[in-house]
Amino acid sequence: MIKVLKMVLGCAVIALLSAGAGLGYNALRGQGDLPLVASEGYYDNKVFVPCPEVLSHPEALEPSRVLRWNPDRLLVVDAREEEAFAKGHHEGSVSFPYSVLFPPEPSEVTALIARAGERTLVVCGDPEIGSGELLAADFMQAGVEQVYHVKGGCEALMQGQACKGPGR
Amino acid sequence: MKEGGVRGPWTGTWPASLVTLAVRLVLGAVFLYACFFKIADPEDFAINIATYQILPDGLVNVLALTLPWLELVAGVLLVAGALSREAGLAIAGMLVVFIVAILMAMDKGLQISCGCFASEQAQADIGWPKVIEDAAMLAGAAWVVVAGGGRLSVDELLARLKRNRGKDVEPSRGEGT
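For the protein sequence lines, the chains are A and B, in the order given.
Heads up: the first sequence begins at 343 in this note's numbering, then just goes up one per residue.
Heads up: the second sequence begins at 1355 in this note's numbering, then just goes up one per residue.
No wet-lab data here; the hints were simulated from the structure.
Everything numeric in this text was worked out from a predicted model, so none of it was measured.
Worth double-checking, as some hints may not be accurate.
Straight-line Cα separation of at most 25 Å, SDA-like style, residue types lysine to any residue; simulated pairs [as the list claims (entries may be wrong)]: (1) B:K1462 with A:K348; (2) A:K348 with B:L1379; (3) A:K493 with A:R415.
So, partial list: chain B residues that the calculated Cβ filter (under 7 Å) puts toward chain A [unchecked claim]: (4) P1396; (5) I1408; (6) G1412; (7) N1415; (8) V1416; (9) A1444.
C-beta: ideal position from N, C-alpha, C; glycine also.
Isolated chain B (complex conformation) (with noise of 0.2 Å):
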């Protein structure tokens, strides 16, 4: 965090920016690519939500209608690298929410299928393999809100300008002094 608050002292180096990178591009392109049939049909993603029968009737379409938006922002942010952690925070919270309704839905018995993306073929029904994987995408994302968005990020280069426009200005101050 010493270097323009962006990264950390092993979070900094080449070989962690690497991974900071693949991570934020598998997770930005995952959540991108399921917020898309959710914004174009938000009835069919509403219905999804209530197959989970956990919110009440009054909350699934106003969440059928904003959660897809939070995953479109939070994956275009992840993947650009630009306020990586609190985007990083963002999906880490929807990917929480996820498995905590997946279980709920598991101790009900509910046999239904995620609802995660738009193909009949890529929905997984609920069940352990699902918590896993939404697990190990949540392990990605506290590793990006710990480490940040690394090298190659938007967050770096405003922060490396930051820095030069400090570098500019101090001897300037010191001429006057």
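One chain only, chain A, in its complex shape (with noise of 0.2 Å):
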């Protein structure tokens, strides 16, 4: 019995002894050390958002299948950020950024279903962070059944328009 309460109080006395190791290592690394309380609560300011579920899969089209549509019978929605857009997107695509932190509100995924009317939806994103997939993904959950999002995102579509080139 002797035996194991030494066990317990030398494995506490390690425990003392390496915890005041990583303190004081802390201390020593002086600008970049990190507080022992956190200055911004890790649960207050939403850094743990978590990573939308996706609850449909709304299918993958090639782009060059894209491409080969009748431009009016679809609407292609860009996903990405707005500065992105701005620098180039395919032409006739609509801005509707989509941000993984603060998912667009049902209203506006509303708003847009009416303005695509009979026209079938196509979601460009960046493929980084799968913004097509995901934004497409709430299309399908609000109800629409004809959604599409495109493999390799918006900058792919725009290669593949480029490639078409004019005339054709």
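Two chains, two frames, a set of hints: combine them into the complex.
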């Protein structure tokens, strides 16, 4: 019993010394040290906005396929940030910036669906964050049946458009 | 525990000592590997801890600063076989905490990476495989707590030196009487 107590005590000493070493090392780091208590709460500042779960899975289309469609029958929605849209976008597309942190209000989604009317919705976005697929999934959730997203995002669609060239 | 308080009757055998050595080296290496990125980047580790949503804000940073150092010290001690039982107990305690944290996060339905290792590739998502992995390591740590460091350890070396010193002292005491 004494041996067990000794072992537990030894373990506690190891833990205390390790904790002391950790705190001491942090203090020596100077300006880059981590405050003992976070100045901004981890939970209050919404650092942990969970990645949106894609409940619906809209079909992904190759850019070439989208470009073959009658442009009058579809509405291309650009889910990238406004700056990216301003730099260049698919002809006739509408900007609808999608943020993972601040998903669009349902009323905004409904308004865009109303704007699309009978046209098929094709969403392109930033493939790195999957904004095109996420926004297309939001449209699906809102009840739109004919909605797709573009493989490779808006850049791929624009490149395809450039390759298609004038007069074709 | 008779021989210098280091070995039990069956744990002192060579086969058992070899098993103990393997367990010590594997466990120690895992914890040493795990601690380095956490020590180098405590901010990142603090975020990893916070994603479990278990600890209050005030304790997240304190744990992020101290836990990796306990992993480091316990890992070094385990590899060396110094204070093996104490180091094994510390590691067993940490593993129990990890398992409970993972189970609580799973119960909340969180889909997060465990935050165990450095690189993105080494970051396994929490789930039953991670629980089983930790449970297996817990069994290893429990073995070390019961068996001690084995024959190939600093503990054994010190115990042997102590015994030899005792043998040297005893005859001279006898001569005096």
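These are the hints, each one checked on the structure:
no.: 1; hint: B:K1462 with A:K348; verdict: violated, 38 Å
no.: 2; hint: A:K348 with B:L1379; verdict: holds, 24 Å
no.: 3; hint: A:K493 with A:R415; verdict: holds, 19 Å
no.: 4; hint: P1396; verdict: holds, 5 Å
no.: 5; hint: I1408; verdict: violated, 11 Å
no.: 6; hint: G1412; verdict: holds, 5 Å
no.: 7; hint: N1415; verdict: holds, 5 Å
no.: 8; hint: V1416; verdict: holds, 6 Å
no.: 9; hint: A1444; verdict: holds, 5 Å
Consistency note: the structure conflicts with the earlier hints numbered 1 and 5.
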